[in-house]
Amino acid sequence: MTLTLTINGTPRTVACEPHESLRTVLRRAGLYSVRYGSDTGETGAAAVLVDGRLVSADVMLAAQADGHSIETIEGLSVPGQLHPIQEAFIEAGAIQSGYSTPAMILAAKALIDRTPNPTEAEVRDALSGILDRETGYLRPVHAVLRAAAKLRGEEPAKVEVAHLDRLEGSTGAHRDRDDLAPIAPRVVPSPDVPATRVVGHAETKTDAVKLAKGNPAFTDDRDLSGTLIAKVLYSPHAHARILSIDDSAARALPGVHAVIHCGNVPRVRYASGGQSYPNPRPYDQVSFDNKVRYVGDRVAAVAADTEEIARAAIDLIKVAYEPLPAVFDENEALRDGAPVIHDEPDMDGAYDASRNIVHHIEARTGDVERGFATADRVIERTYRVHQVQQTPLEPHIAIARWDSDDRLEITSSTQVPFHARRMLAPLLGLPVKRIRIIKPRIGGGFGAKQEMLIEDIVGHLTMATGRAVRLELTREEEFMSSRSRHPQTVTFRTGVDAHGKLTAQEMRVVANTGAYGTHGLTVQMVTGMRGLSSYNCPAKHFDCDVVYTNIPVPGAFRGYGAPQALFVLEAHMDDVAAAIGMDPIEFRRLNWTRVGDPLDMAPQLGEGDVEAGEPPVITSSGLEEAVLQGQRSIGWHRRGDPDWRQPADRPHVRRGLGFAMAMHGTAIPGLDMGGASLKINDDGSFNLLVGATDLGTGSDTVLAQIAAEVVGVGVHDIIVYSSDTDLTPFDTGAYASSTTYISGTAVKRAAEEVRRQIVDRAALLLGVDAASIDLHDRAAWSADGRSVSLAEIALSTLHQQGQHQIMGTASHVSPDSPPPYAAQFAEVEVDTETGQVTVRHLVMAVDCGVPINPVTASGQVEGGMVQALGYAHCEEMVYDEAGRMVNPAFGPYRIYRADETPALEAILVQTLEDSGPFGAKAIAEIPMDGVAPAVRNAIADATGVRINGIPFTPERVWRALRAS
Amino acid sequence: MITSYFRPRTLDEALALAARADAVVLGGGTGVNAQPGRAPVVAVDLQALDLDGIRADAGRLRLGATTRLQSIVDSGHVPEVLRELARLEAPSTIRNAATVGGTIGMADPESPLLTGLLAFGARVGLARVGSNAEHPLDAVLDDRHLLQGSIITSVTVPMGGRAAAHGTARTPMDAPIVMVVACRDADGTVRIAASGVASRPVLVDPQRLGELAPPADFRGSSAYRAHLAAVLTARALASLGGGEPA
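Residue numbers (my numbering), protein chains in the order written: chain A, 4 to 967; chain B, -5 to 240.
Just chain A, with the same shape it has in the complex:
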């Protein structure tokens, strides 16, 4: 049928099928800002304005829009000028990956057009249809309020760092904080940190403008006409042998170009986790196997002219299965007689595949038996942590094609382009040199994309057809067949002496790695490392079985084993404090690690090449200050106020406050490596090429700030490109909280090399000694106040004399992994009659060393806390008895919305970490660690009931309250 749509003021005639969504038709018309998040309209990434109303283009037929006026972000900005709402989003730091930013800006426009002076509640309601996994909504909400002020003709104050008074060791009065702007990044400065010009400042993101404009920047935004559409046939059985596959009917369907499965794809074993060479064993996967091990496992894939044909072809593939008994629980999988999930003859590298044990991990320090024997009290509890998903709003997507040199070019939403290239080569039978992986902007990853998940499928299909092939997972497929967080059953035993000092800690873990072992070893090593590193204790024991089951595969998820460990540890520490009658913070303070203390589990549980023997030592900690700051912000003193704890108007409600301490790592020592290359252009600007993979976190901006600081320019004089295996230096990728620390140091070194070359030429031009030259304000300055601009230096070196390209390349690997520390606080209300928990306030004070960009660092904390709150409170992957996920959609799988997110506060406590660039440590993952135990401990504070499993959904809490 033919439609007449007025798109951004221009009448257009478009052809479409009656069933096609408005999103599909708008994207086909070149409006790439309208983005896929799901088919059910819940994500809002495809929200547009129809006659001025914000609607989801996922669930509106294009036909329904016939005759109506449609606005997308493309219509909002005139060339060379941003709309005030776009400016406000950039200034407020509201953009992380930017995948849903166009939809949020349109929501703002519709609201402000109708309500010029909206309340915060009205803004949150307007944004309620646009899910965000990244920001925690705080900055987008305040960006909308800021935009409204701008459009009323007001000039909102610049977003600048708010310096908080240091509380540690201070007894004087402190400035009231109530008048601080909610989005002013809160920094507690350290006197040790030297002044800097770019680093440490609230710079706007380098990619913010293009994201605010909705420019085509993501994998699916490339216009490759003639691209075939791939679809995958997934297993309907949790465990089955494939007896035969008949693909003849599918192949005969007109428009089908290839059908691939175990019958026609070579059997090459691999492990899909995106990790350094050599990938940890076992190699328990092949592209297409003759056995399926979970509902959602791959069976076959097709490439066809259209999505409809591809779907029809999938339905025509006839597969004969022999269903096998399945097991889903990690403890049952260990029992005698449990189904053996990896019984294939070429299976190798597992600890004991016949008992479903992929890995057995054991580590100990000191004399654990003696530690327990000499303890005054020994307390043991068992905890369960469940399976949740990363759910980046942009699902996995990859597009493969042969380039003009007959090399396979794959554009992919990946966190690990270099690992993916290396891992792909043997599967496809191509040398690494014939594969190029391009990582454009990514709509979030959170570890889900630290995986070579679908690149092999599009690679095989392009090789089979000679055509470009695109595969994008639907939301349901993303839930059922991508990756998730490992569930664990954990028994924690603690010995404590009469004074409250720890004498022994033991952690026994049974971890569920689902059908495949990817990341199963290293995630659980992190569980042991993080569970047994926060506190000093003379004897520690970690014992872990990583077990195969028939659930969809867990993998890397922000935090990587630490959120599990720290839920258990911090719940347990509260339980121990209660059991011995100590204040929960005083008990921890008596035992927590300080500067100079050893990280005694690191030699055994560190993933990288740490020499066995002397453990590394903690070199910086702002924990004490972080705890004091957090206590003050959450109002910790209210714990003792009975009137506050029991609101008079709601007799069934109890209020409580909870605390958890978190300690994380910064990169994998001796393993994570990043490279960077910096070169000058004629105008004194620079190209920074990094393999580091910005997935929305702002790492490109942080790296640009580091380069800019060294060479004396502003951040927007650095043009960052990341990442492309042909063009940028190697980087292990975006994971393990490594980018700022590892890639940042590589950038700093490359920039220092460039700086030497600039200074040499400046000395020549100014006729002074190089040692006397300083770089700032895009120029080189001599001690007598004369200067030569970087543009003049560039022109001199490129064109005029002694010509050479001023450039530097460097890489970095660190022997250290200095821990960031955090104090997490939560305020909750518990409805004691229904079990409903309402989380009112989350505060996290974190020592990440020197935050290179306090705005993006705060955004990491705010968004991380909300993602962690989902883990604690409402998210869960649930299966029926046949292993089918029952809630593979947003809504049933609940992630927090803008109109229900609690108050959030991030406080950045500076320390100077000498091993990091400009004193930086990591920030990306630690926000995932403390929320679940803090909420759990707050529920215990409110009700006296200690719940040893997450999530705290109403019936679970009600049952726990009833049982007490």
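It is worth saying that the hints were derived from the structure and are not from the lab. Warning: the hint list may mix true and false statements.
Quick partial rundown of chain A residues pointing at chain B, CB under 8 Å, derived from the structure [said to hold, decoys possible]:
1) R56
2) V58
3) T835
4) Q839
5) T841
6) H844
7) V881
8) A885
9) R900
10) D902
11) P957
For every residue, glycine included, the Cβ atom is placed at its ideal position computed from N, Cα and C.
Fit chain B to the known structure of chain A by using the hints.
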């Protein structure tokens, strides 16, 4: 899968199309389009029929069938409890398209708005070829045959009552596991409706809550839902006692 799309200009045209066995009537389309079946269907879009709008009419409030949920949220005429239930029904991007008629047509078992409309004693205007009639919402939810070949034209609720809604959910704006809405009409009649205790929102008798056999899912067992129904009904009735006019 939708194979044809029609946008009738008159109710008669719409009724003729709706009479087809393969017809699917679209209010805002947000529900139908989110779950397209494999079977070929014909979409009948009511947007051109001028069925939207909210007005007071002889002591009753009349919501046209294609009134968007957002219009209910924004209306000064609609009782506050119903406005908040319409807000809870769906997020902004859906409320701006979804309609009250479509909400009745989809009959989501967890619908807060339907629960509220039931408690308010809503009546549904149904047009059929050659007849127009009003049916109690409860009857329309009970007998889905009533909708076959029909077009929902309106929903009306009496004005001047008091109402209160209490629900339990995982998060503040999540679909409630159980929600109870109690309403007392101007004439003193009290109705109580609940979601999450049956296969659809139902009217309940507070004296006979023990007879409920709620369907279980992962968010709530049958026993838990029955417990919630009792607790929330007691709260709703308590709120009605001293509450402001709805």
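Against the structure, the hints:
1. The interface hint given for R56 of chain A is met, as the beta carbon of that residue sits about 4 Å from the closest beta carbon of chain B, less than 8 Å.
2. Using the Cβ-Cβ criterion of 8 Å, the hint placing V58 of chain A at the interface with chain B is satisfied: the shortest such distance is roughly 5 Å.
3. With its C-beta approaching chain B no nearer than about 10 Å, T835 of chain A sits outside the 8 Å limit, and its interface hint is violated.
4. For Q839 of chain A, the suggested interface contact is upheld, since its CB lies about 5 Å from the closest CB of chain B, less than 8 Å.
5. A hinted interface residue such as T841 of chain A counts as satisfied when its beta carbon comes closer than 8 Å to some beta carbon of chain B; here the least separation is about 6 Å, so the hint holds.
6. Interface restraint check for H844 of chain A: the shortest CB-CB distance to chain B comes to about 14 Å, outside 8 Å, so the restraint is violated.
7. Satisfaction of the interface hint for V881 of chain A is found here, the shortest Cβ-Cβ separation to chain B being roughly 4 Å, below the 8 Å cut-off.
8. A cut of 8 Å between beta carbons decides the hint on A885 of chain A: the least distance to chain B is about 15 Å, and the hint is violated.
9. Hint on R900 of chain A holds. Least Cβ distance to chain B is approximately 6 Å, under the 8 Å limit.
10. Look at D902 of chain A: its Cβ gets to within about 5 Å of chain B, closer than 8 Å, so that hint holds up.
11. Look at P957 of chain A: its Cβ gets to within about 5 Å of chain B, closer than 8 Å, so that hint holds up.
The structure fails hints 3, 6 and 8 (numbered hints given earlier, in ascending order).
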